[in-house]
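A.B. asks: What follows is each chain in one-letter form.
2 protein chains.
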Amino acid sequence: MTHEDFMKEAIKLSVENVEKGGGPFGAVIVKDGKIVGKGANSVTSHNDPTAHAEIMAIRNAAKELGTFDLSECTIYTSCEPCPMCLGAVYWARLSKMYYGNTKTDAAKIGFDDAFIYKEMELPLEKRSIPAKQLLHDEAYIAFKMWEENPDKIEY
Amino acid sequence: MTHEDFMKEAIKLSVENVEKGGGPFGAVIVKDGKIVGKGANSVTSHNDPTAHAEIMAIRNAAKELGTFDLSECTIYTSCEPCPMCLGAVYWARLSKMYYGNTKTDAAKIGFDDAFIYKEMELPLEKRSIPAKQLLHDEAYIAFKMWEENPDKIEY
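Residue numbers (this note's numbering), protein chains in the order written: chain A, 1124 to 1278; chain B, 1124 to 1278.
In short, the hints are calculated from the structure, not lab data.
Computed from a predicted structure; not experimentally measured.
All C-beta atoms, glycine included, are put in the ideal place defined by N, C-alpha and C.
Not the full set, but computed from the structure, chain A residues with beta-carbon under 7 Å of chain B:
1) ILE1178
2) TYR1213
3) ILE1232
4) ILE1276
Excised from the complex, chain A in its bound form (with noise of 0.2 Å):
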């Protein structure tokens, strides 16, 4: 299969989502030419509002693969990332992204996508939603803790 098949692969996920009442996207990961994890957005249908397409391609992609590092995979993705699901793709260690349509179109249909991304650029204190720091020293010690273990897995 070649980039096109896996993104029409991607974009078929997103009109069969959209025929179901679901938002119009869709992700596939690949690995070794095999799609190894698949999402549709099922934010509306599951009522959980971190199942984008991507963040749910990349956690079945890390389950069928029994791994939380999918270095070798690749994704395709129906439209360029929001925030979320971007910090996903750098969390999953992906290789590499294809997209179809970009977070202008997104935000053109009336998704938040371009919203976020300025307000990851602004300081916590200017963004729109108020962010308060409580309790730092407290906070620390468990990032000690994992400091000092020695057994401890890093992601």
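Fit chain B to the supplied structure of chain A, relying on the hints for placement.
C.D. replies: Structure of chain B alone, referenced to chain A:
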């Protein structure tokens, strides 16, 4: 309970999680003075790169409340969210955030939070994960279908 009490709950989850071999992160979601969702970093225990504390807490709260809209809720997280989790905070429409450690603290003990924030600010072509656009016109079909669907559930 006070804001400090809820933060202490999030910190307690982070400490217990390190004791169990997981990452040093915990979070709770609060609505009307009651905890409606908890989460601890479960990346290595669940083999799920998306299983950060805030994502877990948001998913649990959404399940508990039966809605993807957590706009009446506040999150208390033991560490400033990474871009993935901050994105989730926006998508969940959380109204306020309290955090303990900062992304700089997280970077100091080996986590990629600060690195991913920097990547987000770069244009796609300058980021460390190569990204390429493919089949835009085909991908846009699902967006048009979404736009034209009078019964869509927006989120």
